[in-house]
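Novice: As they're listed, the protein sequences go chains B and E.
With the working numbering, you'll find the first sequence wraps up at 328, consecutive numbering, no jumps.
With the working numbering, you'll find the second sequence wraps up at 686, consecutive numbering, no jumps.
Hints are supplied without guarantee of correctness; some may be wrong.
Said to hold, decoys possible - Example chain B residues on the side facing chain E (calculated, C-beta under 7 Å, incomplete): (1) H66; (2) A122; (3) G125; (4) E131; (5) G132; (6) N301; (7) P316.
Quick caveat, the hints were computed from the structure, so don't treat them as lab data.
Think of the CB as a built atom: it goes at the ideal place given N, C-alpha and C, for glycine as much as any other residue.
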Amino acid sequence: MPDQLLFAMEVTLNGLMAGVLYALVALGFVLIYKASGIFNYAQGVMALFAAMTLVGIMDGQVPFSHLINAIFGTDVHHFGWHLPGLLAILLTMVVMAVLAWGVQQFVMRHLIGQEPIILFMATIGLAYFLEGVADLMWGSEIRKLDVGLPQGINETIDGVTYDMFGYGFFIDNLDIVATVIAALLVIALVIFSQYTKQGRAMRAVADDHQAALSVGISLNFIWVMVWSVAGFVALVAGIMWGTKSGVQFSLSLIALKALPVLMLGGFTSIPGAIVGGLIIGVGEKLFDFLFGPMLGGATENWFAYVLALLFLVFRPQGLFGDRIIERV
Amino acid sequence: MFYREAGDFKTSYLQDGQTFPIRFDRYRYYAVLAFGFLVVPFIINDYWANAILLPFLIYAIAAVGLNILTGYCGQVSLGTGGFMAVGAYACYKLMTAFPEVSMFIHVILAGGVTALVGVLFGLPSLRIKGFYLAVATLAAQFFLVWLFNRVPWFYNYSASGQISAPERDVFGIILTGPNAPAWATYLFCLIFLTLAGLIARNLTRGTVGRSWMAIRDMDIAAEIIGVNPLKAKMTAFAVSSFFVGISGALFFSIYLGAVEVGEAFGIQKSFLVLFMVIIGGLGSIFGSFAGAAFLVVLPVVLKLLGVDLLGWPTDIVAHFQLVIVGALIIVFLVLEPHGIAQLWRVVKEKLRLWPFPH
Numbered sequence: 001m002p003d004q005l006l007f008a009m010e011v012t013l014n015g016l017m018a019g020v021l022y023a024l025v026a027l028g029f030v031l032i033y034k035a036s037g038i039f040n041y042a043q044g045v046m047a048l049f050a051a052m053t054l055v056g057i058m059d060g061q062v063p064f065s066h067l068i069n070a071i072f073g074t075d076v077h078h079f080g081w082h083l084p085g086l087l088a089i090l091l092t093m094v095v096m097a098v099l100a101w102g103v104q105q106f107v108m109r110h111l112i113g114q115e116p117i118i119l120f121m122a123t124i125g126l127a128y129f130l131e132g133v134a135d136l137m138w139g140s141e142i143r144k145l146d147v148g149l150p151q152g153i154n155e156t157i158d159g160v161t162y163d164m165f166g167y168g169f170f171i172d173n174l175d176i177v178a179t180v181i182a183a184l185l186v187i188a189l190v191i192f193s194q195y196t197k198q199g200r201a202m203r204a205v206a207d208d209h210q211a212a213l214s215v216g217i218s219l220n221f222i223w224v225m226v227w228s229v230a231g232f233v234a235l236v237a238g239i240m241w242g243t244k245s246g247v248q249f250s251l252s253l254i255a256l257k258a259l260p261v262l263m264l265g266g267f268t269s270i271p272g273a274i275v276g277g278l279i280i281g282v283g284e285k286l287f288d289f290l291f292g293p294m295l296g297g298a299t300e301n302w303f304a305y306v307l308a309l310l311f312l313v314f315r316p317q318g319l320f321g322d323r324i325i326e327r328v
Numbered sequence: 329m330f331y332r333e334a335g336d337f338k339t340s341y342l343q344d345g346q347t348f349p350i351r352f353d354r355y356r357y358y359a360v361l362a363f364g365f366l367v368v369p370f371i372i373n374d375y376w377a378n379a380i381l382l383p384f385l386i387y388a389i390a391a392v393g394l395n396i397l398t399g400y401c402g403q404v405s406l407g408t409g410g411f412m413a414v415g416a417y418a419c420y421k422l423m424t425a426f427p428e429v430s431m432f433i434h435v436i437l438a439g440g441v442t443a444l445v446g447v448l449f450g451l452p453s454l455r456i457k458g459f460y461l462a463v464a465t466l467a468a469q470f471f472l473v474w475l476f477n478r479v480p481w482f483y484n485y486s487a488s489g490q491i492s493a494p495e496r497d498v499f500g501i502i503l504t505g506p507n508a509p510a511w512a513t514y515l516f517c518l519i520f521l522t523l524a525g526l527i528a529r530n531l532t533r534g535t536v537g538r539s540w541m542a543i544r545d546m547d548i549a550a551e552i553i554g555v556n557p558l559k560a561k562m563t564a565f566a567v568s569s570f571f572v573g574i575s576g577a578l579f580f581s582i583y584l585g586a587v588e589v590g591e592a593f594g595i596q597k598s599f600l601v602l603f604m605v606i607i608g609g610l611g612s613i614f615g616s617f618a619g620a621a622f623l624v625v626l627p628v629v630l631k632l633l634g635v636d637l638l639g640w641p642t643d644i645v646a647h648f649q650l651v652i653v654g655a656l657i658i659v660f661l662v663l664e665p666h667g668i669a670q671l672w673r674v675v676k677e678k679l680r681l682w683p684f685p686h
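This is chain E alone, in the form it adopts within the complex:
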């Protein structure tokens, strides 16, 4: 009834090309933003921040990054964990080398460093394709984790081989370390996620995004009609790694605080982010958010159900989680290869006709 474009007149190209052409969507979007920025920080507590909101925000950034590479440009990457590690270690080195500089700049620079590394490991994608490339990105994953484990310079020669975030602030508000208030860490991550979403959305519908999609749909044909594969693939790797690096930096500095690289950024992390992208929907920014939310909330819900409600041992619940995630991926690929984002689109189509479907 309310969800339709009737009566919403567009009088300029700018209005015609906006992200949310339907008025209801637009207001919903502003409402969600306002809720996220103005309401949640006042009601947030430590449990919510650490169990659900922070992991969601951080993984969503990583998922947006991977979705650009895999969903939009068609280059499957299994090296996300490695690139997140690059972001984390870059952030750590910057934080300890320049303690007085704002965290914002550190995190963005960490993203930049990761973008460079991403381009370096993306170079083989010009020669190899499909799951050959997926396996090639495994080289990045294992090599980077090994590097951060073995070269003491990266962890500042600390005895444990771990890195831990020193206390840093933005405009006098403590952001890292055990004393950081929940609302501050939440807002910090939310700002990055909002920016990531905005940038990604606008990149993917512009020239760059179209050349990515052309490469994804058929690279040879794209090359023939004048898309430069070098430029398209390298920008995809750079932008994707930039976001993944930012998420890695946040994951380490804001969320975990102390990190052992093999544990935090192992191959499992790469798969986790890949699953988020698949379940959420390949080639959809909203899908990245949905997939991240789904896979962050699922273990929490399962734990509540299994351990607290039914009283099962935790290891059984953990195994069930594997079974359910695996089955869900298969179910999604079989029934809805475009993920939650496609379900959402179908619902929206239905809503436009509701309550008079003819």
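In isolation and in its complexed conformation, chain B is listed as follows:
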């Protein structure tokens, strides 16, 4: 096989893996959008916040230590413990649930019935707020996140492909793990929403708020739950991205990359988020591989958006989204 084709295949595979990570972030968007009609811009910052909290808890960092030191002139920074990854993840989950409750209690509850675009802007405000709080709590330097996920080149795939084509594919172990975890997460979410009481209530709310209210479902509770689940998805995404490229501000920009994914897949479809993520992941990697050198490189910055833009002109509801029906 010619080298170019092999390279292209490797790029495609890596694109698929990157796409899974996009899809993970997009998944959190879809969950909240389906249940409450809110387009949660803060999803990316939630991933950042979750990852930072996880690192902070694992290292036993004192929250707001910077601020406390500045106000009281003290010098506290660490509790002096190192927690195992799993326990820290559980604690972070609790934090994310509290955050979900806070968002519902102090923000979204007051905005019920507002136009979607107002809600969207409120979540942009929330994103700024959370980012500031995260920085105040844990400091803004780049940190390494290591919860014990395998990293580095996968020797098996390298060996097998070398035997087959005479060229070893470079595929990161972490990407494979991410793919498996994403698949498990989707399966878990499907089971949760199909077979549990809360999951059914969630789907009922997504279907029709008033009808759900009238059969005795507490909207407040469901929304807190949905935000918590989205927080959990954000945590998973945060762990993946954080392990891959360190916990830093650019993590929250992933949220912006998830937007074209959603536009391709449709805002209301979980499979759509996955497929959209894969298309964007493969598309931008392949495009950069084929045309990047011609155009001066770094086309990954805009390819996803332009692709989504062109796509939207022809199919505004996305691949799997509900048909948009407008009435006067």
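Put chain E on the given structure of chain B with help from the hints.
Specialist: Below, chain E without anything else, positioned relative to chain B:
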């Protein structure tokens, strides 16, 4: 007591339709104009110009532009930073290609170029709506910034990839570069802001503005009663981008002097201008000014309070700024979705009855 329409008789349609129907408002408006044009240039110094006045004037122009698109026509745009970059680079290319032409013409032409680009990226708005459109404008933002970063023609093949404004003048008064006097740069921006405000105000209450608002309130219904959505949306994009382009040109040539596109016109800038519009008030020209003033002054005040008064490290103050801006946006959306402009309106209603509220 003084703030009422009693005794202020209107004897012609022209008087009846004026922007400030109350005499007090009218005089206040003239007083503010006179103060801005006749007093401030004599007392201005470099610190005031660079820390507060120039950013305020320039952002206010951008906010007026975005408010026309988002507040009046209902098309949310997250591409403001990209369009500002178009204005800046158009201005740069014009300044270096035609050094002898007046800056006024350069800046206006830069606005015109941006208007064309804006219309181009506004075309999808005919098919897609709401935050689908908001995301589509992100394509403009990222694509334009990438373009100016990667195509050397735009930055005249300079080694650093930056653009820096050469020294240019208007009627012999230096406007750009390090030697420009503060009062001249201030007056130059003020003239543009005044014109932008006047044009925007009069557009928004005329036929064009009404068709924008009809589209904003319900586009299908507007189409049925005979508003041409193509025309309305495209004019909104054109006028909005024109102002945003002018502000980008001023931001680069007058205020910063040298620009690295990703830093100066990144996505953060788009959000900043959007926040100005939200906090100031969607669909209000005064709101654009108020929002711009608020978000320009807030960091300065926070820095004075936090760093100079309390002695906190600068990074903590910067984080606090994020928290406060985020919280303010939420508070405004919850308590007063129409922003500072609505507060101002409420105050004015109260003033009309003061001091006898019954």
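Novice: Which numbered hints are broken by the structure, listed smallest first?
Specialist: Of the numbered hints given earlier, the structure breaks none, since each of them holds.
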